[in-house]
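J.: These two chains come separately, so use the hints to put the complex back together.
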Amino acid sequence: MEDMVKKKNGKSLADFCRNSSLKIKKLKVDEFEIYGASSTHNELELFNGQIDNLSFAETKGLGIRIFKDKRVGYSYTSILDECNIDKCIDRAFSNSKITFQEEINYLPLESEFKNDKSIIDKKILFSKDFFNFDIKQKIQLTKELEILAKKKDKRVTGINNLIYNDSLDEVMILNSTGFFDSYRATSAFIYLSVISKEKDDTSTGDFFGYNRSPGEFNLEEIAANAVNRSVSILGGKKIKSQVVDIVLDPFVAAQFLGIIASIVTADTVQKGKSLLKDRISDKIFKGDFDIIDDGTLSYGLASKPFDGEGVPKGKTVIFENGILKTYLYNTYTARKDKKFSTGNAVRASYKSTPEVGVSNFYLKPSKTKLEKIIKSVDKGFYVIDIIGLHSGTNPISGQISVGAKGLWINKGSFSKPVKEVTIATDLLSFCKSIDKIGNDLRFMPSGGYIGSPSMLVKDIALSGK
Amino acid sequence: MINTTLTKKILNTLLETGGSFSEVFAQKKEVNNIRLEDGKIENSSSGFELGCGLRLIYKDSTFYAYVDSLQQDIILNAAKILSAAVNETGEIKVLNLSNVCSSYIAPIKKHPSDIIQESKKEILLSVDSFARNYSNYIIQVSSNLSDLEEEIYIANSEGIICHDSNTKVMLSVSVVAQEKKEIRTGYKSLARTSGYEVFDIEKPSVVSGEAARIAVTMLKAVNAPSGSQQVVIGPAFGGVIFHEACGHGLEADAILKDASVFKDKIGKKIANNIVTAIDNPTMPYHWGSYAFDGEGFPSQENILIKEGILQNYIFDYKTAMKMNKKQTGNGRRQSYRDIPIPRMSNTYLAQGKEDPDSILKSVKKGIYAKEFSGGQVDPAIGDFVFGISEGYMIEDGEVTKPIKGATLIGNGPEILNKITAIGNNLDFAPGFCGKGGQAASNEVGQPTILVSEITVGGTEI
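First to last, the protein sequences are chains B and F.
Sequential numbering of the first sequence, starting at 1, is according to the numbering used here.
Sequential numbering of the second sequence, starting at 466, is according to the numbering used here.
Okay, chain F solo, but in the shape it has when bound (with noise of 0.2 Å):
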């Protein structure tokens, strides 16, 4: 996208004043949105963007500048202006740049530009057929198709070229469900780092399905009891509230501005001894995948915490740099007008050994929670809150009636030493997490596990 002649300019022009890291990230993106509710298409939309973002750090300060072109006079034009910003001699100069390479390869098959706008409608038709036919109390079906292409350039100050790719399709399902005065709603969403073809393996029906099942089920909903209690937590998204309570406490920045419970504890216990965490941005296909972060570098395995033990925090290159540890590919960005921070890719609670029903039988009187609507952490100090959109009571083992308006608070170092049993179903869910502004596309995942005690907000008192 820019020739390396030019990389060399820019990434020199920026070095000139004095600075010790430059870089330059383009990018040029393509993106459709189909949104059918109502039983019709309401709207199809479109969009083309290309730009390049212009990153400088002196010290422990990062300027950025970002502009919509590609064009080299704008571009250097933005360089000058950013440099200026830093007042002393230059003495570090670009002369090499070479490509790095990624192990992660994940063909695209179907593109999403090869597919006409047709068959993307007639997917959302089918959505919605499937979730109205599920049952008479659906009165609302609202269905998504999105998909994303884009190229990606990046090239810094230590000498790395990287040219990459994304391909990326989601569809989500909101079913609004109605008996009498009671609403209830369900959601499920599919999505994947890859084509098309994700439809050739998963079913866009059962995705609506669910999500009416899931509506469906909650009209039955009483009033979750409150207080503290026993939680089954239930695989797939369940993992988010590892990915909110932990996770973002594990990101460097938190760690780096002493807004984490966990600083200082690389190497100490801070888990029940049944639990491992990864981040691993290389499983093919999955939403949180990547070949390249935000800054260049190649994706990789980073396991957080070994059988309760914390092994690392999760880097990008200036927290790596700030505290002297190597970065570990998770600069993520949300586009060339972003910086890259510190962000989690697919997180999750590893593999267990127990029979997911025998958990729940060993359960006398609890919660089970299935799926969540997400949640909220103050990493500082660990505080959290996760809404539970399908949860059930857990009587004498067994799970009988549904509950509606729950949410589990706590506190995440104290709910790492209280998962108490770890299923053997691992598996996987996609969402996108906020942070500082920007979006990112994230999978989270657990087996089912038991915690031993948490708080329920409910009505039932």
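Bound conformation, chain B alone (with noise of 0.2 Å):
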């Protein structure tokens, strides 16, 4: 691919990125790095087995730290002529200025970004049969994800949304304690949502394949997923306000353990702001569970060698038995609690300067089947999908109120559709009502990569009618 990019525009990744650290090494700059992003990406939306959107891209850009006085400044440019390079570089300088002095601003050590920790194969990143498809059979497998949908029940009555999209990206980091290295990775991902109609009940519900190759995509199960969602919340009733006990699908339970991802980055505990500072050691959850950021996972969608400052991506167990183990760190938050760098950098593009994020984030799985957890409820409701999640939840004070939709558990099996109600609690008392979780992890993209198997949370606030 870097050949490709060279024969188009005469230079590489690698180009741009050594020719701008010529650049800045004349200036009096203490130390610098430069993150270079580049990404081949496709985009294809269908509607009515037509192509509604195809869209293709190349794009290129730097992102520039310069470090000086003890103080940082940022500037990005996807213009990659000289002349904008030298006023990206020019700003990040005079950005500087006005930045915090502190002693802990520099870049990682050379011992930070060389140490044992596993380093992964970065094969796993990169699928070689994702080159097997061209635009062409990519919209034949889309269209094949909306035939087998309509196939599947005769109350879906349309799609109301059949995305499918794929980028081929290199990161690249090079800076001035001498680390330079890149990755490739590969990814697609296709999104169905269908509209089902019953009487004067309509319906909706969204399904996802998320791979390293479109041939990864298991079409038949995405479409069984999405027109279950559907159809089986059709002719739901809002009911009764009470208190009761919840199961959540995995992919909601995901959405949950993403709040609590939120809170366990250092920056949030630091600022105040997460109800996890000063709890280390203590117990968070009832269960004995175990919350695992693991960057190196073999199919972890957010695995990378490297951090978005160069550091070795780990294994961090943040709660081991229930128990709050350690917070997840990039450099700076690192040194302000002297510790190391969990390798938890994450940068949205070249845009972003390095915050602390999670990587593939997951609530380790028990060996309980899930129809084991539903037969044990005697009275509940079994969460199919939630709405309003980012503003019915505040993860700083724990607040959550969500919409939810699913099915009514009675005498530990399903019984009638429910919508249009809510569910709240606070975040600490969710993590202490945590009774049960299932055998079926399962991740989904959101922020990083975060996966839960399914959950059943006890005494939990419904509002309905």
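Keep in mind that the hints are not guaranteed to be accurate.
Said to hold, decoys possible - The calculated label-pair distances, taken between Cβ atoms and stated as ranges, are:
#, chain 1, residue 1, chain 2, residue 2, range
1, B, K336, F, G901, 35 to 43 Å
2, B, K339, F, D525, 52 to 60 Å
3, F, A549, B, F340, 47 to 55 Å
4, F, M786, B, N228, 30 to 38 Å
5, B, K114, F, G555, 54 to 62 Å
6, B, K379, F, M786, 47 to 55 Å
7, B, I104, F, K524, 56 to 64 Å
8, F, I926, B, N228, 28 to 36 Å
9, F, S568, B, S429, 54 to 62 Å
10, F, D579, B, N228, 55 to 63 Å
11, B, D200, F, K790, 27 to 35 Å
To be verified - Mimicking DSBU-like on lysine-lysine, the simulated pairs with C-alpha atoms at most 35 Å apart in a straight line are:
#, chain 1, residue 1, chain 2, residue 2
12, B, K432, F, K493
13, B, K150, F, K787
14, B, K199, B, K136
15, B, K240, F, K734
16, F, K646, B, K87
17, B, K197, B, K283
18, F, K646, B, K28
19, B, K277, B, K315
20, B, K154, B, K240
21, B, K458, F, K645
22, F, K829, B, K136
23, F, K646, B, K122
24, B, K199, F, K734
25, F, K668, B, K351
26, B, K351, F, K545
27, F, K829, B, K238
28, B, K465, F, K826
29, B, K87, B, K336
30, B, K379, F, K883
As the list claims (entries may be wrong) - Computed from the model, here is a short list of chain F residues facing chain B with C-beta under 10 Å:
#, residue
31, Y529
32, E662
33, L721
34, I926
These are calculated hints, taken from the structure and not from any lab test.
For every residue, glycine included, the Cβ atom is placed at its ideal position computed from N, Cα and C.
T.: Here it is, written out as structure tokens:
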């Protein structure tokens, strides 16, 4: 791919990084870092079996961090000519003049990026099969998903959204302490949302596939799940407000786990914005649950050889047997706590500075089957989908109140569909109320790549009629 | 940014395989963002972007490509690749191009590029100290100051050329207050399609004072009562409820996909007759305002609902063409990397007649929802949820205890019929709306309104 880019624009990403570093070296800066990213991206949207939108693009950009007098400045550019790279460097330099001066503002030391932690095989990020699909085949595969979904159930009346996209990314970091490395990753994503109707009621349901190559999609399963999530709620009614046990589908549980992910990052803790501040060694969960962040997971879509600052990705056990063991760190926050980075410096793109974030973040599953959990519930609510997670939760105060739909559970089996109700709790009570977890670990992209099995949560306030 | 000769060449290259519409969208953008947290400037970042997006429509399909460059050979190469997606004989050729005008005029006085970083830093430092001095309970203040300047050039095969420029400034403040184990947050933002003169009119300290007031007030909050009740929704950001629960369902792409409850409802009564709703990107300096949309069409006021009757949808070029209607200047795009889609701009419920205090007085028992943290809607069915970030109980017509952890949940079309009173205090609030992976600057607005019945999701059963 580098060759492809080279042919087209004359220079590879590595050329731009090296060229910029030569320019910066002429300035009186203490340290610098160049983060280069390039991407080839395809996106496809189908409607009624026809192409609604098809787009493709190749992009490249540099993000430059400059350290001067223990201050940091940042600037990025997608315009990679001499003049604009100069302008970008210049602006990063001038930005450094107004930021806070702090002793710990320096790049990871050589010993920090060359430590002994297991470095993953870069091959796991990259699928050769990805290149076996040309645009026609991608269109065909997406059409096939629509046909499969429509065949599943005659109540399916239409497609709300059908999107396919993929990208081939290259990320490169070059810094003044001698780090210079890169990796390439492929990914393909497909998303289907179906509309179903019965009598006067309309319902939507969605599902997705996210893999290293479109060849890995299980279209049959994606169609079945989207359809099932839609039709099973048809005819759903609001129910009376009450305190009830709820069972969360793995994807719903993963979204709740995402809130926990946001408060185990060291920056939120250090700034007093985490309910888990000063809680290391405390038992946060009632059950003996393990929650892990593993940037090296072989099938993890968030796996990388190194993080947004060049520090190797590692595996961090955050909760062990329900006890909080550690927070997640990038270099800056680690130095603040006199620790080492856990390799969790995250950059959304070359446009952003390294913040702290999760990679493959998951709750280790149990051996209990979902059926067994459902059977154990006398009266409860099985939550298939939630809405308004971002507006309804405040990770800082811990308040959670979200809209939910799903199936009522009566004496251990599903009875009627339920919709337009809310479930509310607060984050720490939620952790204490998780009673059982299933064996059905599933991951979804949401910030990082977050995975959870089904959960049984006791005594949650449900508001309806 | 691209000369007329090259423009014609690009548009015609796109059309040579039989497409019916071609477009070039070029953009040059410079952004700055400064973040203050923990009492210090944590981050100061700038960015430079330049590129163009090419669009080709053939039958119902849109083909799109973009490049990070304005170089002739690179753009023409992309145009060639794109046109290869269509396989017919070209019939349309662009011969003449003429400039379009917009009546939107809002001169910029203090351009971001003329403001030195030090003065921007001063704004954030004043915001920080004002919030921290508000109360001893305040443990954290985060504030962000960002600005944007961009130049845009659009031309399409209908023969139009549009030159546009935008300047935007946004200040946002988040405050965290703590009393013993209780932690609460407050958020307020000020955002205008203008330069730094915004701070000559509206003081940054007012923004941080308001964020601090909300956080400290909410420390005393009690659990929200659950179930169906009367709800008074406050002015300005309360308009997010209309934006989410109805506005998205009025965007023509949802109608075309049969994914909207408002399909086939034009001319029909969809709301209580006191309800009039408008989308208007022509209000000078408002956050969701623009002279031209992302397709080069001049902005215009669009009355969506008049006295309860649905008047019109929100269109971009393609959806209007498919539905045989006139586009409404709402084809918006995040950047040259994105396909334009129908989006709202400044969307609001129009001024009513009632005194907001008397609306509150009329409620014996209910909730006053003053500020929201946002919301989400499923336009296909109209179901929505909104998180209340500042809310109170109403008891015997008086606003009493603040409530925490409350959400409103309901159905858009049902709520429109349950709006039983509208105040005379129309106000606006800025925000970002996400759709199809693209962020757009939007303003929501409304006066105080009364909803006769809505489900409040709380923890107090």
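J.: It remains to establish, for every hint, whether it holds in the given structure.
T.: So, going through the hints one by one against the coordinates:
1. B:K336 with F:G901: 35 to 43 Å: This hint holds: roughly 39 Å between Cβ atoms.
2. B:K339 with F:D525: 52 to 60 Å: holds (56 Å)
3. F:A549 with B:F340: 47 to 55 Å: Holds: the Cβ-Cβ distance is about 52 Å, inside 47 to 55 Å.
4. F:M786 with B:N228: 30 to 38 Å: holds (36 Å)
5. B:K114 with F:G555: 54 to 62 Å: Holds, at about 58 Å.
6. B:K379 with F:M786: 47 to 55 Å: Distance hint for K379 (chain B), M786 (chain F) holds at roughly 53 Å.
7. B:I104 with F:K524: 56 to 64 Å: holds (59 Å)
8. F:I926 with B:N228: 28 to 36 Å: holds (30 Å)
9. F:S568 with B:S429: 54 to 62 Å: holds (55 Å)
10. F:D579 with B:N228: 55 to 63 Å: Taking Cβ atoms as reference, D579 (chain F) and N228 (chain B) lie about 58 Å apart, which means the hint holds.
11. B:D200 with F:K790: 27 to 35 Å: The hinted range 27 to 35 Å holds for D200 (chain B) and K790 (chain F), with Cβ atoms some 28 Å apart.
12. B:K432 with F:K493: violated (51 Å)
13. B:K150 with F:K787: holds (24 Å)
14. B:K199 with B:K136: Judged against 35 Å, a Cα distance of about 38 Å means the pair is violated.
15. B:K240 with F:K734: OK: K240 (chain B) and K734 (chain F) at ~31 Å, within 35 Å.
16. F:K646 with B:K87: At roughly 48 Å apart (the allowed maximum being 35 Å), K87 (chain B) and K646 (chain F) break the hint.
17. B:K197 with B:K283: Since the Cα atoms of K197 (chain B) and K283 (chain B) sit roughly 46 Å apart, the hinted pair is violated (cutoff 35 Å).
18. F:K646 with B:K28: violated (48 Å)
19. B:K277 with B:K315: The hint holds at about 21 Å.
20. B:K154 with B:K240: Satisfied, since the Cα-Cα distance of roughly 31 Å is no more than 35 Å.
21. B:K458 with F:K645: Measuring from Cα to Cα gives roughly 27 Å; hence the hint holds.
22. F:K829 with B:K136: Not OK: K829 (chain F) and K136 (chain B) at ~63 Å, beyond 35 Å, violated.
23. F:K646 with B:K122: Given that 35 Å is the threshold and the Cα spacing comes to 45 Å, the pair is violated.
24. B:K199 with F:K734: Distance ~22 Å between K199 (chain B) and K734 (chain F) Cα, so the pair holds.
25. F:K668 with B:K351: Given pair K668 (chain F), K351 (chain B) holds - Cα atoms ~30 Å apart, limit 35 Å.
26. B:K351 with F:K545: Holds: K351 (chain B) and K545 (chain F) sit about 30 Å apart, inside 35 Å.
27. F:K829 with B:K238: Holds, at roughly 25 Å.
28. B:K465 with F:K826: holds (25 Å)
29. B:K87 with B:K336: Given pair K87 (chain B), K336 (chain B) holds - Cα atoms ~32 Å apart, limit 35 Å.
30. B:K379 with F:K883: Holds, because 33 Å separates the two Cα atoms, which is no more than 35 Å.
31. Y529: holds (4 Å)
32. E662: Violated. Min distance 22 Å.
33. L721: holds (8 Å)
34. I926: holds (5 Å)
In this structure, the earlier hints numbered 12, 14, 16, 17, 18, 22, 23 and 32 are contradicted, and the remaining ones agree with it.
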